[in-house]
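Trainee: Could you build all of it, start to finish, from the sequences and the hints given here?
There are 2 protein chains.
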Amino acid sequence: MAIIVQKFGGSSVANTEKIRRAAKQVIERMQAGYQVCVVASARGRQIEELLRDARELNPNPPKREMDQLLSTGEQQTVSLLAMALEAMGQKAISFTGTQIHMLTDGVYSNAQIKSVDSEFIRHELNEGRVVIVAGYQGVDEHGNITSLGRGGSDTSAVALAAALKAEECEIFADVDGVYTTDPQVFPKAALLDEISYDEMIEMASLGTGAMHIRSVAIGKRYNVRIRIRNSESNNPGTIITHEVPQMEGILVSGATIQRDMAKIGIAGIPNVPGTAARIFARLAEAKVVVDDIIQTEISHEKANLSFMVRNSDVQTAQKVANELKAELPCDSVFVRDDIALISAIGVGMRSQYGVAEKMFGALAKAKVNIDSITTSEIRISCAVGRPDVERALEAVCLAFELDRPARQRTKKR
Amino acid sequence: MAIIVQKFGGSSVANTEKIRRAAKQVIERMQAGYQVCVVASARGRQIEELLRDARELNPNPPKREMDQLLSTGEQQTVSLLAMALEAMGQKAISFTGTQIHMLTDGVYSNAQIKSVDSEFIRHELNEGRVVIVAGYQGVDEHGNITSLGRGGSDTSAVALAAALKAEECEIFADVDGVYTTDPQVFPKAALLDEISYDEMIEMASLGTGAMHIRSVAIGKRYNVRIRIRNSESNNPGTIITHEVPQMEGILVSGATIQRDMAKIGIAGIPNVPGTAARIFARLAEAKVVVDDIIQTEISHEKANLSFMVRNSDVQTAQKVANELKAELPCDSVFVRDDIALISAIGVGMRSQYGVAEKMFGALAKAKVNIDSITTSEIRISCAVGRPDVERALEAVCLAFELDRPARQRTKKR
Chain S
1 MAIIVQKFGG SSVANTEKIR RAAKQVIERM QAGYQVCVVA SARGRQIEEL
51 LRDARELNPN PPKREMDQLL STGEQQTVSL LAMALEAMGQ KAISFTGTQI
101 HMLTDGVYSN AQIKSVDSEF IRHELNEGRV VIVAGYQGVD EHGNITSLGR
151 GGSDTSAVAL AAALKAEECE IFADVDGVYT TDPQVFPKAA LLDEISYDEM
201 IEMASLGTGA MHIRSVAIGK RYNVRIRIRN SESNNPGTII THEVPQMEGI
251 LVSGATIQRD MAKIGIAGIP NVPGTAARIF ARLAEAKVVV DDIIQTEISH
301 EKANLSFMVR NSDVQTAQKV ANELKAELPC DSVFVRDDIA LISAIGVGMR
351 SQYGVAEKMF GALAKAKVNI DSITTSEIRI SCAVGRPDVE RALEAVCLAF
401 ELDRPARQRT KKR
Chain E
414 MAIIVQKFGG SSVANTEKIR RAAKQVIERM QAGYQVCVVA SARGRQIEEL
464 LRDARELNPN PPKREMDQLL STGEQQTVSL LAMALEAMGQ KAISFTGTQI
514 HMLTDGVYSN AQIKSVDSEF IRHELNEGRV VIVAGYQGVD EHGNITSLGR
564 GGSDTSAVAL AAALKAEECE IFADVDGVYT TDPQVFPKAA LLDEISYDEM
614 IEMASLGTGA MHIRSVAIGK RYNVRIRIRN SESNNPGTII THEVPQMEGI
664 LVSGATIQRD MAKIGIAGIP NVPGTAARIF ARLAEAKVVV DDIIQTEISH
714 EKANLSFMVR NSDVQTAQKV ANELKAELPC DSVFVRDDIA LISAIGVGMR
764 SQYGVAEKMF GALAKAKVNI DSITTSEIRI SCAVGRPDVE RALEAVCLAF
814 ELDRPARQRT KKR
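Chains as they are written, first to last, in our numbering: chain S, 1 to 413; chain E, 414 to 826.
Everything labelled a hint here was simulated from the structure, so no lab data went into it. Ideal placement from N, C-alpha and C gives every residue a C-beta, glycine not left out. Be aware that one or more of the hints could be misleading.
Stated by the list, open to error - Below 30 Å or equal to it, Euclidean Cα-Cα: the simulated DSBU-like pairs (lysine-lysine) are:
hint	chain 1	residue 1	chain 2	residue 2
1	S	K220	S	K287
2	E	K504	S	K63
3	S	K63	E	K601
4	E	K771	E	K601
5	S	K24	E	K633
6	S	K287	S	K302
7	E	K633	E	K700
8	E	K476	S	K91
9	E	K476	S	K18
10	E	K633	S	K287
11	S	K63	E	K431
12	E	K778	E	K601
13	E	K700	S	K91
14	E	K633	E	K527
Unchecked claim - Okay, the calculated bits of chain S under chain E, using three or more residues with CB under 8 Å as the criterion:
hint	segment
15	87-95
16	217-227
Mentor: So, in structure tokens, the structure goes:
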């Protein structure tokens with residue numbers, strides 16, 4: 001019998017009414033003839049309260065105890081969901097990460113899954129039960145509870161779908177699926193029927209909330225068909241899957257913006273091997289996340305270096321850069337803290353030309369000045385002034401027809 | 414190094430301030446040179462909220478899921494307490510029942526402990542850590558979480574103290590220890606320095622709240638020295654221990670009352686073997702808890718039977734009795750629902766005479782009419798009218814000098 005894994009996030013199980021609604025989604029799949037394994041997150045309010053109590057007792061709590069504490073959140077949700085299903089006449093059983101031997105590497109608050117006891121779950125499914133697994137959590141070989149870190153419940157769900165060879169992994173969200181871009185910025189954004197793992201990874205790394213990059217990467221590795229859908233509607237949602245030939249006909253699948261960026265420039269650094277390594281080691285030490293590094297040679301002796309950081313990191317990054325100014329030495333440090341990034345993403349870029357040209361043309365026509373450009377195999381990102389970024393997004397979306405479903409766009413080739 | 418087990422109930426860890434106070438109690442013992450293993454209960458408010466959500470989703474939730482749900486309460490307390498200790502510079506580690514292999518028989522919501530991995534705990538203690546164990550919970554051989562039922566955290570603590578051969582098991586309560594009787598009814602009640610296991614078991618079975626009967630019985634079996642003391646004072650509290658010779662010099666150690674009782678009488682039942690068995694089987698089926706059964710022969714053919722039930726069970730018991738009236742048959746069923754019980758308890762009764770006589774005399778002098786009498790080896794209970802019970806308690810307490818510490822009483826022998 002085919003298996004479906006369904007994942008309900010914190011907002012889909014926030015109260016008893018929503019838990020009952022989730023139970024109905026599960027029963028719908030059971031009635032359609034599937035075996036269902038559910039992964040559920042903690043209810044948000046519970047986690048907030050626990051965090052508040054923990055901080056009050058210890059501003060810097062041991063990570064092991066934090067995982068031990070917060071893992072109770074999911075455990076509560078799964079037992080409540082099992083009770084709701086039983087009340088509707090559906091046999092169900094809940095499990096913690098420990099109980100299904102979701103074995104991890106033992107890194108508290110950011111563990112990696114090593115294996116999971118799928119036979120154990122299969123046995124329960126074959127008994128006609130819905131199996132409900134606490135997301136976000138695993139256990140190390142010593143029995144310590146380890147949480148999977150950001151996007152952890154998605155990761156649990158995709159890993160379980162892989163282990164159970166599920167037909168599909170349904171991720172319930174509070175949106176209808178993945179859009180070509182953020183509908184709150186560009187209201188004409190179109191819902192995507194499908195998107196490739198690689199595109200979704202780029203979108204996720206640029207902060208489109210629908211799903212966490214790590215779980216998409218696991219889905220790609222184990223070939224798990226992922227469906228993102230709305231827990232409160234019957235919309236079929238968006239399928240994340242392997243690249244299929246027709247995807248290549250589409251130049252750009254989506255566009256994203258990141259508003260709160262800053263650019264740090266270090267001008268006139270010594271043009272010798274190891275300088276950049278030294279700079280980024282110091283930034284990493286200060287826990288600054290760096291993106292879009294550009295280095296250009298200005299002479300045989302000197303080079304200019306720039307990189308993007310989040311606005312929240314700008315003061316730390318500037319402090320590090322100023323310390324380096326004397327040490328390296330360099331000519332000057334400058335900061336531009338009103339930067340935003342606009343990115344276009346599409347696996348079609350791999351096989352077709354003219355994407356960059358079309359993007360720059362659209363931005364020029366909209367009178368958006370480009371500060372700098374970085375690219376990957378399936379992504380082009382432009383740094384622009386923050387006040388321009390909404391206008392930039394609209395121009396790019398219209399240029400690549402992101403206001404209509406992929407099948408209705410002008411065909412290339 | 415000697416080990417102390419400390420148990421903090423729900424009211425001693427109800428909020429972060431109380432958790433911090435509990436942590437200080439732990440550190441005090443560490444500084445006195447002990448290794449400390451702590452058992453903690455769930456915070457009361459958390460359990461109430463979970464019960465409310467569970468009932469809302471399922472008026473009759475599966476017991477397995479209920480244990481899975483409620484066990485999160487203790488898990489939260491122990492990790493928070495570990496954080497508090499770490500913040501005070503004391504190394505600490507928290508464990509669930511699963512993590513220390515508190516193996517039970519698998520009866521959900523009322524499990525019995527089979528064994529516990531004390532070596533594992535010893536290892537952590539020897540590393541200089543305070544070990545904090547979630548009370549009330551264990552795990553069966555399949556990894557299912559099973560709660561120990563009423564008084565479960567006391568039971569966890571005493572069982573751990575036995576397994577660790579602890580010097581003492583400290584039960585923190587919101588009272589200073591065990592009193593000769595309820596100070597709210599008889600304000601002159603004296604605090605006991607020590608009490609025997611058997612006396613404490615009788616007191617507990619009659620509803621004096623300080624500790625649950627099951628945990629005292631385990632303490633007796635494994636010879637665990639138990640100390641009940643106040644979490645908010647330095648009073649040394651009451652030691653529960655084996656009977657020592659000087660206890661026999663004390664006729665009565667304590668007195669208790671149970672207010673809300675009712676007496677059911679079934680008159681003229683067939684005086685043949687099996688009648689009583691049939692009656693009490695039917696009452697057990699209806700989940701009525703029966704106490705103080707009295708049967709008297711009234712003729713060769715007929716007998717009268719009476720028993721006590723809690724007032725909350727009286728309607729169910731009466732219904733069962735009325736059904737039996739036609740079936741048995743019997744002459745009549747009567748109910749007296751304004752009964753209370755007064756009991757005097759003391760291991761001294763085993764070796765000395767005159768207790769009953771003294772008690773009846775005291776009640777007669779206080780003009781309290783006795784409805785019926787039952788006795789055990791170390792207890793005498795009299796059923797009296799509810800309006801008389803406070804007066805009865807005072808008379809009995811004064812007769813047996815329960816208003817003063819044992820060592821100050823008139824010596825017998």
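Trainee: Can you give the numbers of the hints that this structure goes against, from lowest to highest?
Mentor: Per hint list: 3, 5, 10 and 16 violated.
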